[in-house]
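Peer 1: Next come the chains, spelled out residue by residue.
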Amino acid sequence: MTDLLDPLLQQAARLRQGLPDDVGDRIVESLYTDASRIAETSVDRDDARAKLTVDRALDRVLTHRVWGFVAMGVLFFGVFWFTIAGAAVPSDLLYVLLVENGHAWLQGLFAAVGSPWWLTGLLVDGVYLATAWVVAVMLPPMAIFFPLFTLLEDFGYLPRVAFNLDRLFARSGAHGKQALTMMMGYGCNAAGVTATRIIDSRRERLIAIITNNFSICNGRWPTLILMGTIFVGAVVPPALAGFVAAGSVVAVVIVGIGVTLAVSWLLSRTVLRGESSVYSLELPPYRPPQVWRTLYTSIIDRTLKVLRRALVMAAPAGAVIWLIGNVHLGDASVAAHLVTALNPLGWVIGLNGVILLAYLVAVPANEIIIPTIVMLTLTLGANTLGAAPGVMLELGDDAQVGQVLVTAGGWTLLTAVNLMLFTLLHNPCSTTVMTIWHETRSVRWTTLATLLPLGLGFAVCALTAFVWRLAM
Amino acid sequence: MGAPLPSPGVGPPPAGDACGSCALAPDATRRAKPGGTKRSGAAAPKAGLGLDPGRYDHVIALAGNPNTGKSTVFNALTGLRQHVGNWAGKTVARAEGGFSYGGAGYRIVDLPGTYSLLSTSTDEDVARDVLLFGRPDVVVVVVDATRLERNLPLVLQIRQITGRVVVALNLVDEARRHGITVDTRHLTRELGVPVVATAARRGQGLPDLLAAIAQVATAEDPPKPLRLVHRDPALERAVADLATQVEARFPGVPNSRWVALRLLEGDAGIESAVREGTLGELAGDLERAG
Chain A
1 MTDLLDPLLQ QAARLRQGLP DDVGDRIVES LYTDASRIAE TSVDRDDARA KLTVDRALDR
61 VLTHRVWGFV AMGVLFFGVF WFTIAGAAVP SDLLYVLLVE NGHAWLQGLF AAVGSPWWLT
121 GLLVDGVYLA TAWVVAVMLP PMAIFFPLFT LLEDFGYLPR VAFNLDRLFA RSGAHGKQAL
181 TMMMGYGCNA AGVTATRIID SRRERLIAII TNNFSICNGR WPTLILMGTI FVGAVVPPAL
241 AGFVAAGSVV AVVIVGIGVT LAVSWLLSRT VLRGESSVYS LELPPYRPPQ VWRTLYTSII
301 DRTLKVLRRA LVMAAPAGAV IWLIGNVHLG DASVAAHLVT ALNPLGWVIG LNGVILLAYL
361 VAVPANEIII PTIVMLTLTL GANTLGAAPG VMLELGDDAQ VGQVLVTAGG WTLLTAVNLM
421 LFTLLHNPCS TTVMTIWHET RSVRWTTLAT LLPLGLGFAV CALTAFVWRL AM
Chain B
1 MGAPLPSPGV GPPPAGDACG SCALAPDATR RAKPGGTKRS GAAAPKAGLG LDPGRYDHVI
61 ALAGNPNTGK STVFNALTGL RQHVGNWAGK TVARAEGGFS YGGAGYRIVD LPGTYSLLST
121 STDEDVARDV LLFGRPDVVV VVVDATRLER NLPLVLQIRQ ITGRVVVALN LVDEARRHGI
181 TVDTRHLTRE LGVPVVATAA RRGQGLPDLL AAIAQVATAE DPPKPLRLVH RDPALERAVA
241 DLATQVEARF PGVPNSRWVA LRLLEGDAGI ESAVREGTLG ELAGDLERAG
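Chains as they are written, first to last, in full-length UniProt numbering: chain A, 1 to 472; chain B, 1 to 290.
Calculated from the structure, these hints are not laboratory results.
One or more of the hints may lead you astray.
What the hints assert, rightly or not - For each label pair, taking beta carbons as the anchor points, the in silico distance ranges come out as:
1) A240/B <-> S442/A: 45 to 51 Å
2) R14/A <-> G252/B: 20 to 26 Å
3) G252/B <-> I300/A: 47 to 53 Å
4) A240/B <-> W67/A: 52 to 58 Å
5) G24/A <-> D221/B: 31 to 37 Å
6) V70/A <-> P207/B: 42 to 48 Å
7) G266/B <-> L345/A: 55 to 61 Å
8) L97/A <-> T181/B: 54 to 60 Å
Unchecked claim - Dumping the calculated DMTMM-like pairs for lysine to aspartate or glutamate here, alpha-carbon to alpha-carbon at most 25 Å:
9) K224/B <-> D241/B
10) K224/B <-> D267/B
11) K224/B <-> D34/A
12) K224/B <-> E29/A
13) K224/B <-> D183/B
Idealized CB from N, CA, C, for every residue including glycine.
With the rest of the complex left out, here is chain A:
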């Protein structure tokens, strides 16, 4: 002990022995006594005007053991329903503008300047189409979802969610603040993983990092919303379609929370055993959100940034899709070979080779899953529809996308449901994997965080497919 060599520290230790054991408590106590004396003499309270009762009444409902969860469900359902119902019209408009007209116009332009077929294919049919797709499919839902979510955040609702979920997390052996990092994950898993720094205990932080991927990030929302809209919503009469579609998305979110709790429980009882930390969670006062500012910042900060990233990822992915659809090895394209190889595995888990190949292409970003699936389906099912390989048909709206997937891809409701589950349960995107490594500095934990969700996804989808086929 070097302490003993330092005279000042020796003296401190000696003096400490002469003091009661609870000296730390006494120092804090004296600090708080001073603080409360100063506060008392400086603050003038007009109790008649105190509006704290509104806060209290709201909290009584929003953090109620039962009603708290009901309110949570209703609020999130409302947000998703608003997003799905509101995004439909602008999405179609963008689709006509960018994908139909823009694509035809660009093709005409390239033909006019006499560009070789492969250049037109790579740039217009590959890069441009994939990018335009991402904008048309992602921008409207994001421009609605983020501001709504941000308004809830501004209002002070998120800490109430954390408060409600705290008991569940504590019972799973995880830190209550994990509810907050989970919420961050709904925006972006990389951000959620970074946010786990608010958890001090390494054990609980690792649990939060590993399970963050079960929060559906905004790259995955469009997939869920599209599948819910064109497959699940289509099962019921049109009047109910929106509600059922939103309900199916909420159901996946709830499954995600369930998996988060289950995996946390499992980890805290096996590889990450230990005590739960105690912490205090402050419930801030409700504040009226500043609507215009929120709209501005959430569009600038979130929507456009996410969109930029999606575009940066979509452009090269479009090129890759076009290339694997057009470079031939022997009698078939690279894509066809890969899909044929992946098909048996795809069948077992109720998906297909195209979807699995799309997940390989889309490792850098989940945003491009749907465009990749549609393009690959069209490329490989080209004979039935008469399209050029690697080119997306000009699809008018969501319903037509569904039709293509059913006729050319052979999709069923099972495929859609399992794709929704697989969207929830698969490996994190490469950015998140890098962030996990950066935060943990451990190859072991990074590998676990990557492969555990993937393994779960295979298991859950295989089980669903098995049961489904047995029942049908």
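With the hints as your guide, set chain B onto chain A.
Peer 2: Just chain B now, with coordinates in the frame of chain A:
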């Protein structure tokens, strides 16, 4: 309000394409690493703690309890318009920015929101180290006017370390709605440093806050660190005794009583600062100011 300096030092460093919606947590690399801070602090305190003024004239540290509107004040001062959430602990990474006021450049560093400096968490260690060893020219403590009693312990702890403090009494608009009025002149007298009422969300009180910051930053003779006398006579004797020895060992240390208190409590960070002699460098502050 001062215009933000158009330099690369303004605003949190870009997150690259690490992720889109991480307006809330972009910076993974520049956060002071727990543990590493103390060591690097020994060599070059300001640089090691990210408080190197660089091309700015003054360095400001922004402290406060979680959820007091600290990030809003930060945005208001730097002209940044990043989204600020309404929940505790959202500032995971340290943000920094700059602005100019009255012809001088100010660099402002946002500290993690903490309830105390008692070294019970990494965040509290980081905040404590920056305030003690980083020796910022001004510490702006953002205080929630609706919860003054719960916020004052942090102010008192910071005041025991330094006199270069400005208290931003924030959320006064909310306090007014709840029927709470705070006597800022009385509070100024009690704390011995400027207290400015602000409603940062509406931009109210910012000119006064900037003026107070400038005044403290350029003060030749800032207030002495606060001496809190302890009611427990045994504790008071021990503190006085140890403080004398701290001064004998490190002449000119401005906050010997606070250091003594921390040593009596066995604060590992302060103990290692004593062993490594880092504390001695604090004496330089006085010479510079005088």
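Peer 1: Hints broken by the structure, by number, lowest first?
Peer 2: The structure conflicts with no hint, since it agrees with every one listed earlier.
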